[in-house]
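A.B. asks: These are the residues of each chain, in order.
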Amino acid sequence: MTDVVSPVSGIPKTKSGRRDIGIKRRYAAERRFRTYGIAALSFGIIFLMVLLWSVVSKGYTAFQQTMITIPVEFSEQIIDPQNERATNPQKLLTANYPVVARNSLAKALGVSVDDRTKIRAVGQLLSDGVRTQLRDMVVANPAIIGTTQNVALLAAGDIDSAFKGQINLSVAEENRKVSDLQVTWMNQLAETGVLAKHFNTGIFVNGASSRPEAAGVGVALIGSFYMMMIVLVLSLPIGVAASIYLEEFAPKNKFTDLIEVNINNLAAVPSIVYGLLGLAVFVNFMGLPRSASLVGGLVLTLMTLPTIIIATRAALKAVPPSIRAAALGLGASKMQTIFHHVLPLAMPGILTGTIIGLAHALGETAPLLLIGMVAFVANYPTTPLDPSTALPVQIYMWANEAERAFVERTSGAIIILLLFLIVMNVGAILLRRRFERRW
Amino acid sequence: MSTSLILLIVAVIGLAGYVLGARRSLAVAGGLSSKLHSRPGYYGSFVAVWAIVPAVFVLFIWLVASPTYISSSIRGAFPEEVKAQSEAEQGLAFGMITSIARGMNVLSLEEIDRVGSNPVDLRAALGAKGVPLAGDPQPYMVEAAGNLNTMTYVSRLAMTVVVLAVSGLGAVFAYRLIAPRFRARNRVEKVILVSLVVASSIAILTTVGIVLSMLTEATRFFTHVPAWEFFFGTVWDPRFAAAGSGGSEGQFGLIPLLLGTLYIGFVAMLFAVPIGLFSAIYMAEYASPKVRSVAKPLLEVLAGIPTIVYGFFALTTVGPFLRDLSSQLNGLVTGDYSNFIQAQSVLTAGFVMGIMLIPYVSSLSDDIITAVPRALRDGSLGLGATRSETIKRVILPAALPGIVGALLMTASRAVGETMIVVLAAGVAARIQLNPFEPMTTVTVKIVNQLTGDLEFTSPQTLVAFALGITLFAITLCLNIYALYIVRKYREQYE
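The listed protein sequences correspond, in order, to chains A and B. The opening residue of the first sequence carries number 27 in my numbering; numbering runs sequentially from there. The opening residue of the second sequence carries number 12 in my numbering; numbering runs sequentially from there.
Extracted from the complex, chain A is given alone in its bound form (with noise of 0.2 angstroms):
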């Protein structure tokens, strides 16, 4: 027991006497170690950045549309030749509206109608849309036949393109879709006001196109609206009553472990997986349709559980046990406390959980590609059970569509993804901080 401990040996002494324990060195390392803990960090943030401003510098061009805004003359010569629509009405419905649309372009240009090459060119500024777009105007009103009307018809999407200024006008004629000549009349129509761009409503409206200028994400945001829904009204119920039952009534054995595991588990099962069992569940076995909200909504439900269950857990567990404890001691039932006391305490936090639930959700789209809302859906759905495309799921048919326009598009739409999200997390901090309360 009379041993002293020994001097460290074996580090050298300085010129000075005192001993080098390579503090510069340490410290050297010390900053080292920090400037890398600070550079992964904002590795991390710029590539937010990165990709926020890659799509938005992108996307939000996808907000505005060119119009070409002419007076239509709506010839009865091309319209209905043999003045037959009284007796037919199918007449109106089929009459080549594009030359109508054109010639008046024409005009406006200064192009004769017989030179068939320049008459084609001129055809090529306007869209596809404006057969649709004329005609059912002539169709809600025939008596706008033989008038000449002011229209803003829609730019083709290269026109639409080449005007925003994503075509490279530098290429060789030959080797882009806008012809020089067209370029010229873009800008004639640009200076005098006629061809310019308008806020574009289209996006938010339309349904599937293969005509990017005339594509929106309606369809899609009515399904996702349906999904959402049935997300909503099926999972917090029935999350909130699991969450219940575990948290308060559960007794510890080996039942209630191997929920508790399996809801763990459940949370961490990829996406996909559960797009197969939409997909041989409800489609296959109990023959549900596919491409339909009902269906989707139903997958994505039992997705968001697991996240609702969780976070309602936690919120139940951060009431103090001394609101229990009075109530009790008050002759509440146990069902009474939770119902009465517990569970509106609880809210906040379950409501917040639900919420962050429903953004994931919303952004899902591997299990919906499985079950068939890959569709070209042009015609709005009018019930869950019809077939329906999800925004996501959109986005992911523009992401593989080629043309040059649909990557404004598919960005425009991530735009709009983006700021639902957006909304809803800003939605769930605010409800956090408005009735959080801190026991």
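Don't take every hint at face value.
To be verified - FRET-style restraints, in silico, Cβ to Cβ:
1) A:I349 x B:V219: 32 to 40 angstroms
2) A:K190 x B:L16: 50 to 58 angstroms
3) B:S44 x A:A351: 49 to 57 angstroms
Said to hold, decoys possible - Computed footprint of chain B on chain A, listed as stretches where at least three residues anywhere in the stretch have a Cβ under 8 angstroms from a Cβ of chain B:
4) 243–256
5) 272–285
6) 288–296
7) 413–425
8) 438–451
These are calculated hints, taken from the structure and not from any lab test. Just so we're clear, the structure is a prediction, and the values are computed from it rather than from any experiment. All C-beta atoms, glycine included, are put in the ideal place defined by N, C-alpha and C.
The hints should help you fit chain B onto chain A, whose structure is shown.
C.D. replies: This is chain B only, laid out in the frame that chain A set:
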């Protein structure tokens, strides 16, 4: 009557039961609610429960059972020569009968009379009403279709009557039980408890559903393709799932897909782990609360962005950027401006997936690092260690099991990630080691095999379920092991 109308009527009966029950309870107590065992609302709820729950239960059973019963009795009445045919032929015949039955509901009575049992006329008449038939109907089919319609009609009628009767009787039964000493609250609470248990068992049902549905479909796949050929095959070439292509001509080797999945996951982890871990260390140990309160939510935004957005980012920004960068580099070094990185490649997909995984790694490790007890830190710092030495020598070793668990969970995300690889990894299933070339993954092939027109008997479609159960098994193992590690680690410090 339509199902939703029946449900509505049952709901109305329930509502009426609630109001009447509550009133009745007050009436039997002479208007003094203090004489009642439970509050009047509970008596009302008790009546409503009796009016709704049994009726809905009966309705559900009826809806499930009656189509099965009807179809089996129609099939039982098939002529002998039809019964002798294969199962598939009988299925076709039954499908035709249901189409005819649907069509006959559309046709008016006199139209049916006019057509009589002439099969060709019937087909034309139905076609004119927008009900296409696969072939000319045979006389027995027309008769069976008539039977089908009658049975469906009778079943509907009977269902309506029975369900409404059950609802009404339930309400009356419960109503008559109401008395001051009757313990309505206890009964109602028991019902609530049962529904809570049912809700929480949905989690179990989902897992059972996943496993069962995928196992049955995968077993059907393994009747076409032997299991060892699937699990150990090195060639993926499923051919087309065209109807009637007959037999399994394609080769379904899992190995190239699995290698692609693991390779891309590995590249992703290569990016995500150092960045995520260092961010977590910085935020937990160095950052001021102010920096932390800004940086942490910003990183978490990365986790909130849908994966389809990452996929699009990889497809339109990262892929072309890497491709052009490689061609520039190549040009500077060799003078040959051809790109050596493909736009769709393991690197592109792995890199973007890595960005996506950063917040998972950082927030999970952040939790674990902050859970290391203060005393360990203070001890080390008190002995003169610098902060980085404390982190490297004390905190990280202490947190290591937890971090490994977190990394395993992240890896399972990487394996199951779909949209990024669908858009950025390519579809070529091959075995190679160059990260600049495209490879494909299990999830990409599940999506490829299941989009488009499907025929649920061909191995080309069913293979997706075999892939799915492989994926499920891999992620399940990773997760259970990770949870086990994390839980054990947590116990260590509690």
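A.B. asks: So which of the earlier hints does this model not fit?
C.D. replies: Structure breaks hints 3 and 4.
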